[in-house]
Each structure stands twice: as C-alpha cells, then as structure tokens.
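Residues per chain, in single letters:
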Amino acid sequence: KDVKVATLEKSNGWSFEPFGRLMIDAGSVDAPDVINDPGLGFANEVRRARIGVKGDIPGGFDYKIELEFADNEVEITDATLGYDAGAAKLTVGQHNNFQSLEELTSSRFTSFMERAAFTDAFGFQRRVGVSAEFNPGTLLVQGGVFTDNIDNLSASNNSWGADGRVVFAPKLANTQLHLGGSVHWRDFNDGQSSVRYRQRPQVHFTDTRFVDTRSIAATGEFGYGLEFAAINGPFHATGETYWQKASRTAGAADPTFFGGYAEVGYFLTGGDSRTYKGGKFDRIKPKNPVGNGGFGAVQVVARYDYLDLNDAGITGGMQNTYGLSLVWTPTDYTRFMLNYLHNEYDDAAIAAGLTRSYNVDTFGVRAQLDF
Amino acid sequence: KDVKVATLEKSNGWSFEPFGRLMIDAGSVDAPDVINDPGLGFANEVRRARIGVKGDIPGGFDYKIELEFADNEVEITDATLGYDAGAAKLTVGQHNNFQSLEELTSSRFTSFMERAAFTDAFGFQRRVGVSAEFNPGTLLVQGGVFTDNIDNLSASNNSWGADGRVVFAPKLANTQLHLGGSVHWRDFNDGQSSVRYRQRPQVHFTDTRFVDTRSIAATGEFGYGLEFAAINGPFHATGETYWQKASRTAGAADPTFFGGYAEVGYFLTGGDSRTYKGGKFDRIKPKNPVGNGGFGAVQVVARYDYLDLNDAGITGGMQNTYGLSLVWTPTDYTRFMLNYLHNEYDDAAIAAGLTRSYNVDTFGVRAQLDF
Amino acid sequence: KDVKVATLEKSNGWSFEPFGRLMIDAGSVDAPDVINDPGLGFANEVRRARIGVKGDIPGGFDYKIELEFADNEVEITDATLGYDAGAAKLTVGQHNNFQSLEELTSSRFTSFMERAAFTDAFGFQRRVGVSAEFNPGTLLVQGGVFTDNIDNLSASNNSWGADGRVVFAPKLANTQLHLGGSVHWRDFNDGQSSVRYRQRPQVHFTDTRFVDTRSIAATGEFGYGLEFAAINGPFHATGETYWQKASRTAGAADPTFFGGYAEVGYFLTGGDSRTYKGGKFDRIKPKNPVGNGGFGAVQVVARYDYLDLNDAGITGGMQNTYGLSLVWTPTDYTRFMLNYLHNEYDDAAIAAGLTRSYNVDTFGVRAQLDF
Chain A
1 KDVKVATLEK SNGWSFEPFG RLMIDAGSVD APDVINDPGL GFANEVRRAR IGVKGDIPGG
61 FDYKIELEFA DNEVEITDAT LGYDAGAAKL TVGQHNNFQS LEELTSSRFT SFMERAAFTD
121 AFGFQRRVGV SAEFNPGTLL VQGGVFTDNI DNLSASNNSW GADGRVVFAP KLANTQLHLG
181 GSVHWRDFND GQSSVRYRQR PQVHFTDTRF VDTRSIAATG EFGYGLEFAA INGPFHATGE
241 TYWQKASRTA GAADPTFFGG YAEVGYFLTG GDSRTYKGGK FDRIKPKNPV GNGGFGAVQV
301 VARYDYLDLN DAGITGGMQN TYGLSLVWTP TDYTRFMLNY LHNEYDDAAI AAGLTRSYNV
361 DTFGVRAQLD F
Chain B
1001 KDVKVATLEK SNGWSFEPFG RLMIDAGSVD APDVINDPGL GFANEVRRAR IGVKGDIPGG
1061 FDYKIELEFA DNEVEITDAT LGYDAGAAKL TVGQHNNFQS LEELTSSRFT SFMERAAFTD
1121 AFGFQRRVGV SAEFNPGTLL VQGGVFTDNI DNLSASNNSW GADGRVVFAP KLANTQLHLG
1181 GSVHWRDFND GQSSVRYRQR PQVHFTDTRF VDTRSIAATG EFGYGLEFAA INGPFHATGE
1241 TYWQKASRTA GAADPTFFGG YAEVGYFLTG GDSRTYKGGK FDRIKPKNPV GNGGFGAVQV
1301 VARYDYLDLN DAGITGGMQN TYGLSLVWTP TDYTRFMLNY LHNEYDDAAI AAGLTRSYNV
1361 DTFGVRAQLD F
Chain C
2001 KDVKVATLEK SNGWSFEPFG RLMIDAGSVD APDVINDPGL GFANEVRRAR IGVKGDIPGG
2061 FDYKIELEFA DNEVEITDAT LGYDAGAAKL TVGQHNNFQS LEELTSSRFT SFMERAAFTD
2121 AFGFQRRVGV SAEFNPGTLL VQGGVFTDNI DNLSASNNSW GADGRVVFAP KLANTQLHLG
2181 GSVHWRDFND GQSSVRYRQR PQVHFTDTRF VDTRSIAATG EFGYGLEFAA INGPFHATGE
2241 TYWQKASRTA GAADPTFFGG YAEVGYFLTG GDSRTYKGGK FDRIKPKNPV GNGGFGAVQV
2301 VARYDYLDLN DAGITGGMQN TYGLSLVWTP TDYTRFMLNY LHNEYDDAAI AAGLTRSYNV
2361 DTFGVRAQLD F
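So the sequences go chain by chain: A, B and C. Be aware that the first sequence starts at 1, since it is given in the working numbering, and climbs by one per residue. Be aware that the second sequence starts at 1001, since it is given in the working numbering, and climbs by one per residue. Be aware that the third sequence starts at 2001, since it is given in the working numbering, and climbs by one per residue.
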C-alpha cells in the first residue's frame, strides 16, 4: 500500500481515506493573426480541484465518492459501491466506462497536460452503471452496462450502453508490456438525439476548438480501440487507435471517425521509471526526491497525436499534433509540467481568412499535487 | 457507540467524524398508455450522495455540516451548532423541523425507497432556526422556531414558523412502543405567496406527479399529525396521519389536506429486528452479516399509503398506494431494496384520455451504503 | 500548535487536517420609512459554511483546499500548493492578495460581523496567482502576481495584477505593535471593462447598498493602504486607511475613493486578550472557558468606519458608521456576536424621498464555530 496521507482504519474492516488533487494551469494559444477569437492568447485556470473519500466496509464492500470543484461548481466524478468477490470485483454507481488506456490512466499520471485528442473528442466520460472486472494474473477482463453521466440523468433519459475491455499485460524480462482492446456501444433512446465530436488544441484553458463536427443527428454510437504500451527502465512507449462510428437517423450514411497517438518518453534522472498497475499507468516515484537531497525525477516525452473528424460527408476537420512534454516530479505527490504542442489543421472548423489549413501552437505549464 | 468508520478524537473533548451516504436507484413508471409523458418508463438516478462532518467541541458544544451532491449540485442538508445542557439540547442552524416519525427517520433506515406521500407533498424540509429538545427518559419534547431553507433565504424573505413534537416511547415487555404528535405553523410573510402540494408515485427518479394542487395563493400553513409505531422482535407495525391546512388570502375557504399510512414488516432471517432510538427508527444490524458466513437480514414490508389533496374547492387528486418492499441488509452499512407500488388515482392532476381515475404501477431497486 | 481537531500525521512528513467554519446570522436593517426596498427589515442567513483540507507533503510542500457552501452553491476559497524554503514561503494557486490587515485576518477573528466597509467596497478577494512571503523576525514582506478569482477565469480573461505588503511588528514591553502598508495594481485587459464600488450597511444578510458608484468604464485600478494595530492585555486599538484609484478610459478623470476605520476594544473578563500572529489578528482563547467552570471571554468593541465613494464627478455616496460589538467567546472555537451599527449617509445611492442624506441602523447577531 502506498505511503500516503494516513488512512483511518478499524480492526473490524472499516477504513476511511480522504484523497484529492489540485492542478493549476497557465499558458497560451497562438493561432494565425487573422483569426479573431477570445479564446486565443494567454489564459489560466484551476484545471482540477478534487476531494474524495473512499474506504472499505466490513463484509467485502467498498465505497468511493469523489467530487470535482473546479469552475466553482460541483460535479460528482466517482460515486460507487463495490463488492470484492475474490478474482472478480463488482461495482455499482458512476464510474469510468472501459475505454482507452489513456482515459483510464489517472490525470495525475498522464505524460501530457491533456489526454489524447480522441478521448475527449469522442465523449469518453464516467456514467452510472453496473460493471464487473476479472483480473486473474496477466489477463484483465472488464465489462459493464451504463446509462448516462449523473449530469445528464433525468426522468426522461433512457440512454444506455455496454462497454468491454480486455488487457493482456505480461512482464517479459525487464519490460512491462500492455496489449489491450475495448468496445463501446450506446443507444441514445430519449437521452440525446445527436452527437457532436470536437476537441481543444491539447490545452484545456481555452474553449476554442479548431476541429468540430457540429451537431449530427444520431440514434447511437459504436466505438472500438486498440492499446499498446511498454515500459523498460527509464524508457516507455505507448500508443492507441480508436474508431468511433455514429449511427445516423434513417437514410444518412454512418460516419466513422478516427483518432490515435504514439508516444515515447525517457527519464533524464537515473533510476526513475513509469509504473504500471491494473491495466493502466500508475504513479511516478522519484528515486531521489526533493527533501531527501535529490532533485526528483525529470522526464522528457514526445508524442504524435492524430484526430480525423472527416467522413461520410461530414467535415469536422483533421488535427495533427506534435508535442513535447517536460515532466518534473519533485516528490511522489507533486508534479510540474511544461508542454509545447504544434497543431496542424486541415478542413478546420474555424476559417483563417480564406484557408482552413493552418497551424496553432499551444504552450502550457502546470503545478500539480495530490494527496 | 456504533462501530463505524473511525473517529478522530482528542483527550480534550474534540472529535471529528466524517460520514456519508450513497443511494443509487433505477426502476420504471407504468401509467395508462394514453398518457404521453417523458417521465414515464425506465429511469435511474443517484438518489443521494452526501458527505458530512460532525463532532464535539470542548465545553459541551457540537457541530454538524452535511452536504448533498446528487444532481451535480450542492445543497446544505444540515449545518448546526449544538449545545448539550444535560437533559436539554439546544441547536442553532439548518436542521429538521419536528414533523412526522417517517420524515425524522433517516432515509438510510426507512422501509421503502421513498417516505410516506404526505411528507414531501406537504413540503417537510430542513430550515434555519433555533430549537430545544428535552429527553427525560421515555418522554421526548422537541420545539423550535424556524425561518426557511437555506436555498430560499434571501434579504427579502421573512417567513417564519414554529414546530413542536411530543413523543412517549415506553418499552412494554419485549415491545418498543412509540406514540407521538406534532404541530407545525408557518407565516409566509414576504417569503412566499402561495403553496403547492404534490407528490410523485412513490419513486423519485421520475418528476411526474399524478396528484398536484397547483399553486394556491396563501399566507401561511398549519399542520398537525399523529404517530404510532411498535417493534417486537422480527415484527414491526407503524402508521401516521397528518392534516395540513393552507391559510388562503381573504375570502377563500381554507382547505385541509390529509395524508397517512400504515405499514407492517417482518424479518425472514432469524434474530433480526428494526431498532429505535431518540424518537425515530434506527439502523438494522443483521445478526449474521455477509462476510461472517451469514447472508445478512432479509425483511418484507407491506404498506398502505393515502394522500387526499381534494378540499374546499381545490381538486389536487387522491392517491391510494399499496406497496411491497423487500429489504436486504447484507451488513450494517449496506442495503439493497426492491419496491413494487400500485398507485390508484382519483381526480388525478394528469388526465388519461377522458378519465382522471386510473392506476400507475412503479417498480424500483436501490443499492445503498453509508459510512 | 493549536489544540484542535486531531490531525492525521505520518512519520514520513505527510499530514492531513480537515477544518471548517459555520456562521449563522440574523438581524434587521432599519432605514427611513419612505424607502421601499425588499432588503430592509428582518433577515437571516448562513453567512459562511466552509469545509477544507490542508496538510504537508513530504519534501517541504504543503496543500490547502477550502470550499464555501453557503447559499447552496460551492465556491473555492483557497486552493494552493505551497513550498517552504526556510525563511521564504512560495505559494501557487488561489489565495488572498496582500491587501489590508482586516481583509487578511480570518473572518473567525474580526471584531465585527463584517469587515471594514472599504474591503468589500474595493473588491478585495482571493485570486489565482504566484506569491512569495519572507518573514525574518519582526519584518514581514509579501508579494505576488495574480490573474483573477476562479469564478471569473475564462478562456478570454487575461486580467492580471501585482500586490505587495510590508509589515513591521515589534513587541514593545507588553504591547504588540503592527505597522503595515500595502500596494495593489491591476490591469483589466479583456477580463473586465468597468469597476463598481459599493457596500452594504455593515451586515451581510441584506443585499441593499446605500453607497454605490454604479458601473464606471475602466481599464485598471491602483490601491494603497496603511495599517496600524496595538494589543496590550485586555485592550486593543487598530485602524486602517485605504485609497483606491480607478483608471478610466481615455479622456475621463481618474477618481480616487477612500475608506478607513478606527477601532478600540476591551475585555470585561480578566486575563483575556486578542492574539496576533504572522501579520494579522489571531484566535481569542478565553482564560476561563465554558465547560471548565468559566464563562468564556466577553469583549466590547467600538468602531468608527468611513467610506467615501465621491470623486472626480462620480457620486457613489459617503457612509459614516458608528458601531458597537459585543463578542462572547465561550470557548476557543465558538463565538457569539451582537452588533449595533449606526450608518449616516450623504449623497446616498438610494434616495429617501427628496433627500440622499439620512441614517440607517442595523442590528445583527451571529452564532459561530470553527474546527
């Protein structure tokens, strides 16, 4: 178990653990001068401010409630009741559907300030549902049925869907491998009558999206993705592909949009490595942290990210991003990031004068802690 | 003291206890096909997601702040400063007025997913005020003056009211008896200029109300109720009646509406019983909980519930409900419920074609935990 | 360290301390009868209901997240990541700018229910930024650059400013002295295009402001203030002055508004005194608290408060307030206040018939606890 903020524990099996995270971002978005948009230029925000409680209840049960307070609003991220039945784990409540390695990896542990473009673009989010997870050794099987995010649940919403994911994660000599695949299906019913796929230029403090399908009348969606990762000492490589198909109303062709990324990273500080647990990346624990005479862990990461929102007559645009991330991890629970991203657009949703092919450079810094 | 999540305590009298509850509901509302309403059919919701803190402060004081986060909004349920003066207890802040045994019993311990129809219909809610409670032995006397719910407090609101309740709760041989009565009076002043009494069909995940007085111009309200309960081993019986009178503006006759219920329950599992404390029902603690080789407690409960919103020329409708509840309590702090309710309406607020007399069947399941 | 609610601590340097405050207010606003305003007369409110967590992270870091839940909304007050570098302390996140002794003193420890009129009038608030604090002995130097309050941060907001404060706080024989000065500068950029300075009549449960500049087109603001305080046994005296200048758009003269106060207080109970720490007033700890056979600390405080919002052709009005406060502190963490305030207006923003010179009397009581 992690050496972290103390947990209240009772001998009868009760535990109570408070936890939280804080991420403060600043940076800039530089687009062609001809584009006049209030979301360009400098901006800053409290990206995430979360507090939660979790713990065990005697009898094999556990609970988790996590709340997001950024933007001076409150949002329930996780609210679950779980039951641990040996190799299987059952969960009821709002929790992550089983889509994408990067989506499932905590935002505290991703290599860039924002996740791969396709994850937000395709609307991955937590939903209320029931799921089961089986984890016998190197194989991980996850599946569930879900209705909708708490924010969208109303008396008239009867959307529902099913999600599944399989991961094979063998350890070969000194290399931790991760091979995965996931499937996502949703029937909107009365819950929604359209989809809209769009994405920011890899930083969240702007609300300007240069790729955007705009509203597409649809009755459901179907997605599937492949996941790869490898960790070997200071090196890691990871990549994913994801296809998202919208089921349009009668007569119209169904578009399939696509996104993916490939990333490599290296620690400049000796003895440091990314960690992996339960089918996702885990916490970086610097070998020589600040406070113990060390400088923490310093990692450089390069990424190519691609998102194609053009298909079947819909022109949402294409985004090619080349990114560099400098990740400084002074201690296990603090982190500072510096991100530079070069975004190349074709068929962009926002015109730059007469052209829709242009570049946008974004720059971001983050101060982060969790407890 | 309950064996629960650990409490931080200091020898000087300070304590800090985090607590919370999570209830996840799903189910359906089946009305005559001729009624076309988005609130019918399947629905689900996070019914309650609450986190709070409470504790003692040296010198005889105590505090409690509880927050409700369901619907991705925040609402203060309780926010109180208390003082313990021996047999008397003083409380300042937002807390429950002293109306109805079922209203005062925690939602974690009621026999059905929703409380008796009259409690919500007549607008029982927590309000900001000052109250005193005397509890010398089997007699309990409670009273207070209250302004309004925090949500409705504004610079122009000067509504206020007084509430009182008396309970006599002797233990006769093996039977815990409860006999109670409460009185409620409110002058709306500038805080509100009308009342509206209405109710859902015994499940909360729909917003459709088949009984509804609609807005009645009023200057105040006056209510009074009677309470009965008896617990003997695996058996319990309970029932209440409540009369609510709205003071209409000059000239119009004042209507008195009525609600009540009668309930009986029985545990199928040996050795289990409902518990009672401080003038209300308390936690079910299964004799053979899950995790200790047992199956927990299984209880069946039957209820008849009645609500009459017709009087003095106002036709809000009548609701007769026959309900069955299966309550599975695997451990002290987890609970699963299955509810079936048959609602019969007369003079319903929603017409079914040419008639306002018809039946609505509702079905609900709940997963629940608290800590 | 204070004897307070227990803190979770680990030997490796981690700590986790929950904290909170609750203030419940009631009272009345009495203005000339000719003024017809819903904010006059009786009102009550939950003034503050806050819960937060703070602690240390191994490696010299610390964290703090505090949330305000009054009005059934949530607002982040503090959200910071700090680093302790010996005599210097670095802070990133939303925190108090360095304006005014009374603004920086916790609302739990001020002598009146509301702070000096100029603090709210001139818009002092927490903002997201980076700051440093040096505290070598009796000298305290604080400075930072800030963007805006989380509530106002958006992709298009690029307001920013700088704040600095110097305090000299020697202890002369039995007298704790405080001499301070602060400077505040802000460039609104795209974040706002006007300022509005206004103030309530020294109680918060009304939203009626008798002084109000109304919207003034402006590009920035510049403020500076002086601070004085002295504590000697049961006596204390304190006072401040503050000048706020708005930079109007081209052509218009820049108005400079002014506010200030002078206050004296005396404890009727023997052995009690105000306390002082880190450049601001701290907690009153009664020598003979309730619960130990004592009655707590009783203090009377008198204050003159002045706010002048007339300058350079703008007539926001002048407010002269004479206030009396009775502060009963039964124990270290509970407090009850009784405030009477006589406000004299000239050029008031609200006319009373034909005149804008009249008096408003306000009365308030508060029940308070913190943990």
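The hints are simulated quantities; they were obtained by calculation from the structure and are not laboratory data. Owing to the predicted nature of the structure, the values given are computational and were not obtained by experimental measurement. Glycine residues also receive a C-beta, built at the ideal position from the N, C-alpha and C atoms. Treat the hints loosely; a few may be bogus.
List time: in silico DSSO-like cross-link candidates among lysine-lysine, alpha-carbon distance up to 30 angstroms [said to hold, decoys possible]:
{"id": "1", "chain 1": "B", "residue 1": "1054", "chain 2": "C", "residue 2": "2285"}
{"id": "2", "chain 1": "B", "residue 1": "1171", "chain 2": "B", "residue 2": "1277"}
{"id": "3", "chain 1": "C", "residue 1": "2287", "chain 2": "A", "residue 2": "285"}
{"id": "4", "chain 1": "C", "residue 1": "2054", "chain 2": "A", "residue 2": "285"}
{"id": "5", "chain 1": "B", "residue 1": "1089", "chain 2": "C", "residue 2": "2287"}
{"id": "6", "chain 1": "A", "residue 1": "89", "chain 2": "B", "residue 2": "1089"}
{"id": "7", "chain 1": "C", "residue 1": "2054", "chain 2": "A", "residue 2": "54"}
{"id": "8", "chain 1": "B", "residue 1": "1171", "chain 2": "A", "residue 2": "54"}
Just some of the chain B residues that point at chain A, by a computed CB distance under 10 angstroms [unchecked claim]:
{"id": "9", "residue": "1026"}
{"id": "10", "residue": "1030"}
{"id": "11", "residue": "1051"}
{"id": "12", "residue": "1168"}
{"id": "13", "residue": "1169"}
{"id": "14", "residue": "1170"}
{"id": "15", "residue": "1173"}
{"id": "16", "residue": "1175"}
{"id": "17", "residue": "1176"}
{"id": "18", "residue": "1205"}
{"id": "19", "residue": "1291"}
{"id": "20", "residue": "1367"}
So, going through the hints one by one against the coordinates:
At most 30 angstroms may separate the alpha-carbon atoms for a hinted pair to count; residue 1054 of chain B and residue 2285 of chain C meet this at roughly 22 angstroms. Restraint check for residue 1171 of chain B and residue 1277 of chain B: satisfied, since their Cα atoms lie roughly 12 angstroms apart, inside the 30 angstroms limit. With a C-alpha separation of about 48 angstroms, the suggested pairing of residue 2287 of chain C with residue 285 of chain A is violated against the 30 angstroms cut-off. Note on residue 2054 of chain C and residue 285 of chain A: the hinted pairing holds, with a Cα-Cα distance of about 22 angstroms set against a maximum of 30 angstroms.
Taken as a hint, the residue 1089 of chain B and residue 2287 of chain C pair is honoured in the structure, with Cα atoms around 25 angstroms apart against an allowance of 30 angstroms. Between the alpha carbons of residue 89 of chain A and residue 1089 of chain B the distance comes to roughly 45 angstroms, so the proposed pair goes past 30 angstroms and is violated. As the CA atoms of residue 2054 of chain C and residue 54 of chain A are separated by approximately 18 angstroms, the hinted pair is consistent with the 30 angstroms bound. For the given pair, residue 1171 of chain B sits about 39 angstroms from residue 54 of chain A by alpha-carbon distance, which is inconsistent with the 30 angstroms threshold.
The criterion of a C-beta within 10 angstroms of any C-beta in chain A is met by residue 1026 of chain B, whose closest approach is roughly 8 angstroms, and the hint holds. The restraint placing residue 1030 of chain B at the interface with chain A is violated, with a minimum CB-CB distance near 14 angstroms, outside the 10 angstroms limit. Proximity of residue 1051 of chain B to chain A holds as hinted, the smallest CB-CB distance being about 6 angstroms (cut-off 10 angstroms). This hint is violated: residue 1168 of chain B has a C-beta 36 angstroms from the nearest C-beta of chain A, more than the 10 angstroms allowed.
Evaluation of the residue 1169 of chain B hint against chain A yields a violated restraint, the C-beta minimum of about 30 angstroms exceeding 10 angstroms. The criterion of a C-beta within 10 angstroms of any C-beta in chain A is not met by residue 1170 of chain B, whose closest approach is roughly 33 angstroms, and the hint is violated. Contact between residue 1173 of chain B and chain A, as hinted, is not supported at the beta carbon level, the nearest pair being about 33 angstroms apart and thus beyond 10 angstroms. Interface restraint check for residue 1175 of chain B: the shortest CB-CB distance to chain A comes to about 30 angstroms, outside 10 angstroms, so the restraint is violated.
Among the interface hints, the one on residue 1176 of chain B is violated; its C-beta lies about 26 angstroms from the nearest C-beta in chain A, farther than the 10 angstroms criterion. Because the closest C-beta pair between residue 1205 of chain B and chain A is about 6 angstroms apart, less than 10 angstroms, the hint holds. With a cut of 10 angstroms, the hint placing residue 1291 of chain B at the interface with chain A holds, because the nearest CB-to-CB distance is about 3 angstroms. Interface hint status for residue 1367 of chain B: upheld, as the beta-carbon distance to the closest one in chain A is roughly 5 angstroms, under 10 angstroms.
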